[in-house]
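S.K.: Residues per chain, in single letters:
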Amino acid sequence: MPTALLYLSAKASEFSSTLNWLSDQFRSIPDFHNRHPHLQRQVDSQLQAARARLATLMQIVQLNSPALVPRGLSFVNQLQFDVYILSENYLPAIRNESEHEVQFGAVALAAARRCGLADVQEILASLSRGHAVLPALPDCPLLFAPPHQRFTLLDLAAMYHEFGHIAFRKNAVIRDALTKVVADHFGALQQLVGFVTPAERAERLKQINRATEYWSVGRLDELFSDIFATHVVGPAHYYSCVDIAMRYSDDPYRVNITDVHPPFSARVTACLVTLPPEQQASDVGQLCARLWQGYVAARPTNADFRLFCDDPLLGDLVTESVSRLVSLGYPQYQRTGYDLQRQPTANMNLEELLNDSVQMVFCCPAAYPTWELPFVQAIFA
Amino acid sequence: MSSLGSLAGKAEREQRLLTRLNNAVITLEVDALGKAKDLQVTEQQVQQSRRELGDFIDRLRAELDERQASADLRSLAFRIRTGIKPLQDWQEDLADLSNQLTVPQPIRIEALPILEDVLSLLDTEFTDDLKHLYAR
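These protein sequences, in sequence, are chains H and C. Residue numbering for the first sequence is 1 to 381, as defined by the numbering used here. Residue numbering for the second sequence is 1 to 136, as defined by the numbering used here.
So here's chain H without its partners, still in its complex pose (with noise of 0.2 Å):
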């Protein structure tokens, strides 16, 4: 047998051995059925289709024929995914669930409906690291978010940009529609190269195909998810987004190729833009306008920042979004007032109470701690 059908097959063994393992390790989770019905099929599920993975596998070693090798080690690696989805992620977050995290995973899901994503059917929430979600389970996505975030309003509307990629994963509609609003855009600034030396021109059309390449689809859901989170939460998310903005105290112009995520000012941008204009002009609205624009004044912007992310496109990525986002159902966020007189109640509305929080922290930050404790203690009771 040749070494690479040799290598299949130790592979081969090693996934049936991991798989048979992950089995069990569900299995033995105490009530994982009662606790989370949804998540316990899905896991069934991913489970199985990993299991037809592995057979497909295993039929390419015994069919012994070297053109398929290269199929063979696809399926090593889809396998491999299988095994950071269910052995990596899920099952060191249902085996330590917390009480805590029943909770927070609690207010997420209800949060997640009332923003459109009527297919989730439970969220699994792991308080272990910073705000991320893997959504590979598709009705059961696994949300990170750090260990404070229980005991805190403050930083939770993140929250919302990581229900943004679930959405992003949902619609393919959405995702074609982003990739031709940025081809268009380049390819109409392609046309616009004018009277110049054909060096120059080729330098200029060398940089706009840079600047296309870079609108990758995963900076599109990363974009997609700042405008996605901002329409349902509203100007909470724009200071979430300006607030993680100014501590990362990064260049907010710099494109930086090796990370998915948009330069901050575009980010910000986005999240202007996608506000109605009575939010802009609300208080937090106008509050973080001003931040940003203390933050930024005195650094300046660069060639490819103003090619890759200028506003026209950052407008037309904007509309094209929220116009889906309407079309398909993800509901705007309507208020532009706030209330800080309101009673702590079981069924408040999380996205205005955010909203809220964020307006009591500017207006009276010494109070804020004393004020935001019974909404906490109502919200995750």
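Derived by calculation from the structure, the hints in this document are not laboratory data. It is possible that part of the hints are untrue.
As the list claims (entries may be wrong) - Straight-line C-alpha distance at most 27 Å; calculated DSSO-like pairs for lysine-lysine:
| hint | chain 1 | residue 1 | chain 2 | residue 2 |
| --- | --- | --- | --- | --- |
| 1 | C | K131 | H | K11 |
| 2 | H | K11 | C | K85 |
| 3 | H | K170 | H | K180 |
Given the coordinates of chain H, work out where chain C should sit on it, guided by the hints.
M.R.: Quick look at chain C alone, frame taken from chain H:
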């Protein structure tokens, strides 16, 4: 600031596509090698695989001809456009492959490397994403 959502979402879409296409290619290869009966591959499965691959190749051709903008095929199209093999050669090979997939008879052995070349580019994209996930 995490890249998990966008990276894992992309990898998951690629995995779904690769699984479907790999299974279809293996079915056609088994058929082309005359081993379909030995492995209990039915004529219906062969036809289904043919349709699956034909649809995919046609979508890829449309992307390469800039007749459509498909987000999920963009990286593959970029790899094809910037690779060593001239774009025109790709377009001719894919057109030939598309024609073969519409004819109800075993695919020619010479056409299999073209399918393999396309899938290997998808594999590269998926493996790169997997590496990034592990490097996070």
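S.K.: Could you run down the list of hints and mark each one as holding or not?
M.R.: Tested hints:
| no. | hint | in the structure |
| --- | --- | --- |
| 1 | K131(C) <-> K11(H) | holds, 18 Å |
| 2 | K11(H) <-> K85(C) | violated, 32 Å |
| 3 | K170(H) <-> K180(H) | holds, 18 Å |
In this structure, the one hint that does not hold is number 2.
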